[in-house]
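In order, the protein sequence lines correspond to chains C and L. So that you can map any letter, position 71 of the first sequence is 70 in numbering that gives the first Met the number 0, and since no number is skipped, the others follow by simple counting. So that you can map any letter, position 30 of the second sequence is 29 in numbering that gives the first Met the number 0, and since no number is skipped, the others follow by simple counting.
Because the hints were derived from the structure by calculation, they are not lab data. A hint or two may mislead.
What the hints assert, rightly or not - Reference listing, derived: stretches of chain C covered by chain L, where coverage requires no fewer than 3 residues with Cβ under 8 Å from a Cβ of chain L:
1. 243-252
2. 286-297
As the list claims (entries may be wrong) - Negatives, chain C to chain L, calculated, CB over 12 Å:
3. P23
4. V54
5. E87
6. N339
7. L378
8. Y406
Computed from a prediction, not measured in an experiment: that's the story for all the values here. Beta carbons: idealized from backbone N, C-alpha and C, even for Gly.
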Amino acid sequence: MNAINAGDTAWMLASSALVMLMTPGLALFYGGLVRQKNVLSTIMHSFFMLGLISVFWVLIGYSLAFGPTVGGIIGNLDWVGLNGVGLEPNPDYAATIPHQAFMIFQLMFAVITPALISGAFAERKRFKSFVLFSLLWSLLVYVPVAHWVWAVGGWIRVLGALDFAGGTVVHITSGVSALVCALVMGKRVGYGSEPMEPHNITMTVLGAGILWFGWFGFNAGSALGANGLATAAFVNTHIAAAMAALAWVTASWIRHGRPSVVGGAAGAVAGLVGITPAAGFVTPMSALIIGFLAGVGCFIAVEVFVRGRVDDALDVFGVHGVGGIIGALATGIFATTKVNPAGFDGLLYGNPRQLAIQALAVVVVAGYAATVTFVLLKLVNAAFGIRVSSSEEHSGLDVSQHGEVAYQS
Amino acid sequence: MGLTIVALVLFLAMVAAWVVLPGSMMAVPIEESADPMPATVSQVA
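Okay, chain C solo, but in the shape it has when bound (with noise of 0.2 Å):
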């Protein structure tokens, strides 16, 4: 039997209260940067799936995702109802907390993950069919993706990929499923025509500011202990923010000529979802460069491909999806088993095929997701139409969905 370590466990259900409260930062997030009388709505979207999906992973989720593997594809039902997660450790995950604690912060990531998406469908989805495509979505996008690059036995853990937090299985199935999603649901009411500008910036940059702190469970907690691994997870995470927000503030200023400080707060989220699957595996000075080009690349995709044809309302696919691919393809180049014995080494470190593995969990991530989201959006539009009337959207969606209003005049 596996000893309990009180250290690991204390740091392991700190760092799932970290990732938890990173789903209301993304509420808040979200919030500003739409207009006031979709506020509550879009809140909404994230808050409910701290509800949502908590109860969903207990009662199967888990199981499905980290269960005893069924070909490299799925876990098995032994899990379901949390029966055999008890509070001894499991070795396979972690040998020094309680099986409990691994599973409760892994909730947290697959509650936050659907909540990502919703940020490209804001002003204009129907709540009841929002909250069908979530739960849908997490069934069968997230609980397989996170089964293959997680799991013991998951093809694509197997092949060799390296996902420190959750770069392929958090943010890009959320940011590529994004994009599917604005693409499918068309453009918001107006758009381009009138203006969307953010109702509430400091609401946006206190929950990037939330997201930054929390970000430190996610990314160190991943560690699974409280060590030096951990440590390294911890100073990357923060590096490669920091920088990102940099680079992004410089990129806005030198193309609109002005220091955005949406830009600011969105460069901040651009460089933590970079640095997410390589927090583990590269050195500070690696984090840094990564966070540059998680800054610089993201903002390019917003403001130059996506935004304008694509309403993709929050930039999720420009931040979440290329921050993710991103951030994947660099841990195939600066990965070094130096910070990390349990990993590989990078390109950087004389390994080119560890690049070539990145990448192709890469294209099988998205594919999968994009596909499977296409399909979902179109089966829940036939059951209950996703998208709200003409009138509701001008209405508003706090109104016309929930019957509330986010201010009082």
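Add chain L to chain C, keeping to what the hints say.
Frame of chain C, contents of chain L only:
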């Protein structure tokens, strides 16, 4: 050392950009940008 030099160059390039980029969107003289609101409650009354 190579990565440190690359990171340093990137950082210094951004600092150099901040120096030469425009510092204000409005470029309004200080006296014109003064707050037009009354300074005290008595002025309102």
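Going down the list of hints, with the structure as the test:
no.	hint	result
1	243-252	holds (count 4)
2	286-297	holds (count 3)
3	P23	holds (32 Å)
4	V54	holds (44 Å)
5	E87	holds (42 Å)
6	N339	holds (17 Å)
7	L378	holds (46 Å)
8	Y406	holds (23 Å)
No hint from the list above goes unmet by this structure.
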